[in-house]
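The lines below spell out each chain.
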Amino acid sequence: MVRTRSAYTLHELNAIIKSTISYAFPDAFWVIAEIAEAKCNQRGHCYLDLVEKEDEAIIAQLKATIWAYEYRRLSQKFQGTTGESLKPGMKIMLLVVITFHEVYGLSLNVKDIDPAYTLGEMALRKREVIERLKREGIADRNKGLALPMVPQKIAVISSPTAAGYEDFFRQLDENPYGYTFVHILFPALMQGQESEKSILSALDTIRSARGLFDVVVIIRGGGSAIDLSCFDGYALASQIAQFPLPVITGIGHEKDDTVSDIVAHTKMKTPTAVAEFLISGVRSFEERIMDIHGRMSVCVEGSLKDWHYRLNTLVQRLAIAPLRTASADGRLMILERDLKSHVRQLMHNENNRLMRMEQTVKLLDPAQILRRGYSITRHDREIVKDAARLKKGDVITTMFSHGTITSIVGKSVRGTKGVAREDEQEQTAYVLPGFD
Amino acid sequence: MSKSKQLTYFQALTELEQIIAEIEAEKTDIDVLAEKVKRAAYLITFCKGRLRSTGEEIRKILNDIEDKTGAGEAIEREIDL
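So the protein lines, in turn, are chains A and B.
Going by the numbering used here, the first residue of the first sequence is number 1, and it counts up by one from there.
Going by the numbering used here, the first residue of the second sequence is number 1001, and it counts up by one from there.
Quick caveat, the hints were computed from the structure, so don't treat them as lab data.
A hint or two may mislead.
For lysine-lysine, the following PhoX-like pairs were computed, each having C-alpha atoms within a straight-line distance of at most 25 Å [claimed, not checked]:
#1 B/K1048 x A/K153
#2 A/K53 x A/K87
#3 B/K1036 x A/K305
#4 A/K197 x A/K39
#5 B/K1060 x A/K153
Generate coordinates for the entire structure from the input sequences, incorporating the hints supplied.
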């Protein structure tokens, strides 16, 4: 006999194992594991390496398969909820049927995935990363940086082919104010397993040239919202948090903020929004300048008005000076005129006076008086002015305009002074009869 | 203060704010005012001009990056100057 001992062939053994396992695990059951590796082949089947770790050491490992027919449906459902595709490092809860194949061995046939578990797991991890950054005191470090007064020189981390990148620089370059923006792309993969490493390397490059830039912008095409987990990783988030320039994110998603968004200086939703933010920053600087310009114009205008007014006053006062000369001229003319008329008046008056004096003189001439009928009587050569001085028998001489007579006083009458009032009769009586 | 390219936006704005404060605070002598306004106008023109400066500065930055990181070549491929 060839066979001395009782033994199974390998195929027999595997057949026994297979039937034992299917007997022990007749139904599907839920299992929790971490993905160590995920691969899809060309036919659309997905092969997973599942592990369980304890302090980073693998304590359990098993293969799992999602057949193409199931995978299409399951991956859509999973991405729809978590925004992620199945990938290493991810913790998942799977509905599996345990299978044993005689050639390929033990593996899990995945019937369903519970995305809610992964979502909760991701949120928990995110919280852990945030907690760690806070504990290390770096979570708010980038936020503590002052934004540049004019964010004009921009280091951009993006994929050069991303639609979001094009949106970004078009928005910047076509800004309505004509501002110049210097934006330089530091290309990086924004999706997939390599993205975190790629972004970190771009940050390193920028760090070595940080003096040339005002801000760092991390933008990502606005297309699919999947695969954001690299922005939740500790490595990238801590680099962003500690970056010496303000980091602005525009990762393009509507979901909860990633850890990178949280620790970045400013988080915008889309690349376009980042561009708008930068433009508004420059605009606000220019507005401050324009405000000062405007205030200065008002001040200068006020001062100029003031000075203009003062100058005008001066000019007016100066203008009065020639007027004064003019008035002096006028006054001189008036004076001259006055003087002439005064002199004329004076001459006229003097003339009249002279004429009157002449008349008076004429009137007072004794010959004239005598001619008018008055006479002069003398006694002892003296002119007789008072009849009382004469006595009866005195000899008097009376001079007329023509001729003289000598008479003897017969009778005198007292009392009358005026010659004019002398009684003619009495007068006659004085006339010596001999004279007739 | 230097009137060369060394002047930063921050310095320009600080000086402008100082000037406007002085002008607004008191009745400045006309000659002093003229001097201040002249300086302010220079600063404003400087800032506005620099906000809209041309590609020269970009070229300079590119060169500097190349010097500092050796990454300029890769970068230059990305932007069409």
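query: Any hints this thing doesn't respect? Which numbers, in order?
result: Result: no hint breaks.
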